[in-house]
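**Q** The numbering used here numbers the first residue of the sequence shown as 1101 and each following residue consecutively.
Each hint should be verified, as a subset may be incorrect.
Said to hold, decoys possible - Dumping the calculated DSBU-like pairs for lysine-lysine here, alpha-carbon to alpha-carbon at most 35 Å:
1. Lys1196 with Lys1459
2. Lys1164 with Lys1231
3. Lys1196 with Lys1524
4. Lys1343 with Lys1200
5. Lys1398 with Lys1654
6. Lys1550 with Lys1164
7. Lys1524 with Lys1152
8. Lys1489 with Lys1196
9. Lys1449 with Lys1432
10. Lys1152 with Lys1343
11. Lys1550 with Lys1524
12. Lys1231 with Lys1489
13. Lys1200 with Lys1403
14. Lys1489 with Lys1587
15. Lys1550 with Lys1196
16. Lys1459 with Lys1398
17. Lys1550 with Lys1491
18. Lys1459 with Lys1231
19. Lys1196 with Lys1398
20. Lys1654 with Lys1587
21. Lys1654 with Lys1449
22. Lys1196 with Lys1403
23. Lys1432 with Lys1459
24. Lys1654 with Lys1403
25. Lys1343 with Lys1164
26. Lys1449 with Lys1231
27. Lys1343 with Lys1524
Claimed, not checked - Label-pair ranges, simulated between beta-carbon atoms:
28. Glu1628 with Leu1139: 29 to 35 Å
29. Val1416 with Thr1292: 26 to 32 Å
30. Thr1444 with Thr1292: 57 to 63 Å
31. Leu1154 with Leu1563: 54 to 60 Å
32. Phe1525 with Asp1241: 42 to 48 Å
Derived by calculation from the structure, the hints in this document are not laboratory data.
Built from N, CA and C at the ideal position, the CB exists for glycine as well.
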Amino acid sequence: MIGRLLKRLSIAEVLLALSVLVLVVVVAVPVFLIFWTALFVDGSMNIDDIVKILSEPDTYEALKNSIVIAAGVTVCSTILGVFFAWLVSRTDLPFKNTMKLLFLVPFMLPSFIGALAWKMLLSPYSGYINKFLMNTFDLADPPFDIFTLWGIIAVETMYLFPFVFIQVSGALERMDPTLEESARISGAGLLTITRRITLPLMLPSIGAGALLVALYSLAHFGVPAILGNEVGIYIIPTKIYEKLHQSAGSFTAIRTGTILASILVISAGLILWAQSAILKSGRFQVIAGKSMRPMLLKLRGLKYPLLLVSVIYLAVTVLLPTATIFLVGGLKTYGLELTMENMTLDNLKYILFEWQMTKDSIWNSFYLSLAAAFVTMLVGTLISYVIVKMKIRGKFILEFLGVLPFSVPGTVIALGVILTWSGKFGINIYNTAWIIFVAYIARYMAFSLKSNSAALEQVHDSLEEAARACGATHWQALKDIVIPLIKPGMVAAFFLIFLPALRELTTSVLLYGPTTRTIGVAIYTLNEDGETVYAATLASVALVIIVIGHFLIKRVTRTSNEGV
1101 MIGRLLKRLS IAEVLLALSV LVLVVVVAVP VFLIFWTALF VDGSMNIDDI VKILSEPDTY
1161 EALKNSIVIA AGVTVCSTIL GVFFAWLVSR TDLPFKNTMK LLFLVPFMLP SFIGALAWKM
1221 LLSPYSGYIN KFLMNTFDLA DPPFDIFTLW GIIAVETMYL FPFVFIQVSG ALERMDPTLE
1281 ESARISGAGL LTITRRITLP LMLPSIGAGA LLVALYSLAH FGVPAILGNE VGIYIIPTKI
1341 YEKLHQSAGS FTAIRTGTIL ASILVISAGL ILWAQSAILK SGRFQVIAGK SMRPMLLKLR
1401 GLKYPLLLVS VIYLAVTVLL PTATIFLVGG LKTYGLELTM ENMTLDNLKY ILFEWQMTKD
1461 SIWNSFYLSL AAAFVTMLVG TLISYVIVKM KIRGKFILEF LGVLPFSVPG TVIALGVILT
1521 WSGKFGINIY NTAWIIFVAY IARYMAFSLK SNSAALEQVH DSLEEAARAC GATHWQALKD
1581 IVIPLIKPGM VAAFFLIFLP ALRELTTSVL LYGPTTRTIG VAIYTLNEDG ETVYAATLAS
1641 VALVIIVIGH FLIKRVTRTS NEGV
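With these hints in hand, go ahead and build the complete structure from the sequences.
**A** Written as structure tokens, this is what we have:
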């Protein structure tokens, strides 16, 4: 019977069914269980628990902190992103192509490692900058305290402003310069043109980037956990972690977590709806129909002062914390002066070759990231093929399910997979590496879909049709024509998943077991346990791996593109 049924089904219907099945199991069921567990107990509405949890002072405080931090980070990131995007895209700033690449460096660096570095620099009495200033100027009290809402906002801004920078710089480079040129001919100055014409035309791009920052800030775990937990500053993701951590993952704590996670999902949904409304409004048409080079505004006497401002910003926000991680990671004991006689390579030797926990965390991160990247790349290619190339009804469901996990916080995904894969459906992989593997597939499916869909859009349907006309089967056309042509997109998808998964913390911190710590989790737990030097040493190893990984991405994708 099954054989006859398969014969009746077209290959398109089989692929659609398989794609939907994968996404339903990996994505839809975990997200559905979040809401079901939060809203229902034994089939009845769970109103009492919802009201009780939402009315608790701790919940109110965490929600308020989440909103304040997200708002502060969004405003600060928008100001910085717009300013630097305008500087490298529309002015004659020296070395601006190099500066544009440098402003993207924060994308490479895990924000929780940056938070760890700033904790070492600006802790009230033990931070190196505070100690230097207190000793130099004979101060009784430290001038800086990183363990505040403003400290969290400042560190998150350093790593999230590129979202606005990328959106705005891309729009500025494609903008029709006619209005600006007309204003200049009419005698308007640089500031007037920027304030009255350029910025208003950029509002959709600015808004889209700002909302992305807000979405990520609401979901962030690492920075608020490292800089907030020890002084009692909690946000929704760190409050969920605290509830689960303190109760050793009891179902009562999980139910509380699902109620808190539902707040994040609703917030994320509202942000995405607002972003979609902005992008679809079509209020401002800034891209001309013909190829036009936007006018570059001359900075004149401000040219080198603004270059200096940009260099100082990058030195303070990227170079200083990165150097601090490497230097502290080489200290014999935390708190010693950063001099050569206090340095040792024994820390590196210990975490790489002797300490089982750190050795396991590095190995776990590698094989989980590689496996998740490979599987997600293949599954994403299949689903992208159905979305882009097959004319069948219902494929919009695939797009929605594929992007959904990336639109909600990693904490939510973690809770969803805990509920799904802890024996509810006869399979219990809780506290094993498998549950992290499944969570990574769900979390990063959107990366694979976006990359492979873009590659498939460039493959004309006539190539497949020609192969079919010559007698090739659908599978042969796919294997011999389509896949070789989209190989660069598949390679890009692999690395786009591998590197974020390698440094991931938000999802895995709720899923790891005694022997399944990842690099991110190990760094975080070492910091929590007061092992600051070892945390910095392992963070140094992670940074080296990440930089090498990004270098390999460029090398491999360039080679793949040249081979097509």
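**Q** Work down the list of hints and note, for each, if the structure agrees.
**A** These are the hints, each one checked on the structure:
1. Lys1196 with Lys1459: violated, 41 Å
2. Lys1164 with Lys1231: The hint holds at about 32 Å.
3. Lys1196 with Lys1524: Outside the cut-off at roughly 55 Å; violated.
4. Lys1343 with Lys1200: violated, 42 Å
5. Lys1398 with Lys1654: holds, 33 Å
6. Lys1550 with Lys1164: holds, 34 Å
7. Lys1524 with Lys1152: It holds: about 26 Å lies between the C-alpha atoms, which stays within 35 Å.
8. Lys1489 with Lys1196: Violated, at about 40 Å.
9. Lys1449 with Lys1432: Between Lys1449 and Lys1432 the Cα gap is close to 13 Å, so the pair holds against 35 Å.
10. Lys1152 with Lys1343: holds, 15 Å
11. Lys1550 with Lys1524: Status holds; Cα separation ~32 Å.
12. Lys1231 with Lys1489: violated, 62 Å
13. Lys1200 with Lys1403: holds, 16 Å
14. Lys1489 with Lys1587: holds, 16 Å
15. Lys1550 with Lys1196: Roughly 29 Å between the alpha carbons, so the hint for Lys1550 and Lys1196 holds.
16. Lys1459 with Lys1398: violated, 54 Å
17. Lys1550 with Lys1491: holds, 19 Å
18. Lys1459 with Lys1231: Since the Cα atoms of Lys1459 and Lys1231 sit roughly 34 Å apart, the hinted pair holds (cutoff 35 Å).
19. Lys1196 with Lys1398: holds, 13 Å
20. Lys1654 with Lys1587: holds, 15 Å
21. Lys1654 with Lys1449: holds, 30 Å
22. Lys1196 with Lys1403: Cα-Cα ~11 Å, so holds.
23. Lys1432 with Lys1459: Distance ~20 Å between Lys1432 and Lys1459 Cα, so the pair holds.
24. Lys1654 with Lys1403: Holds, because 31 Å separates the two Cα atoms, which is no more than 35 Å.
25. Lys1343 with Lys1164: Holds, at roughly 18 Å.
26. Lys1449 with Lys1231: holds, 29 Å
27. Lys1343 with Lys1524: OK: Lys1343 and Lys1524 at ~21 Å, within 35 Å.
28. Glu1628 with Leu1139: 29 to 35 Å: Given a distance of about 33 Å, which is inside 29 to 35 Å, the answer is holds.
29. Val1416 with Thr1292: 26 to 32 Å: Taking Cβ atoms as reference, Val1416 and Thr1292 lie about 31 Å apart, which means the hint holds.
30. Thr1444 with Thr1292: 57 to 63 Å: holds, 58 Å
31. Leu1154 with Leu1563: 54 to 60 Å: holds, 56 Å
32. Phe1525 with Asp1241: 42 to 48 Å: This hint is violated: roughly 57 Å between Cβ atoms.
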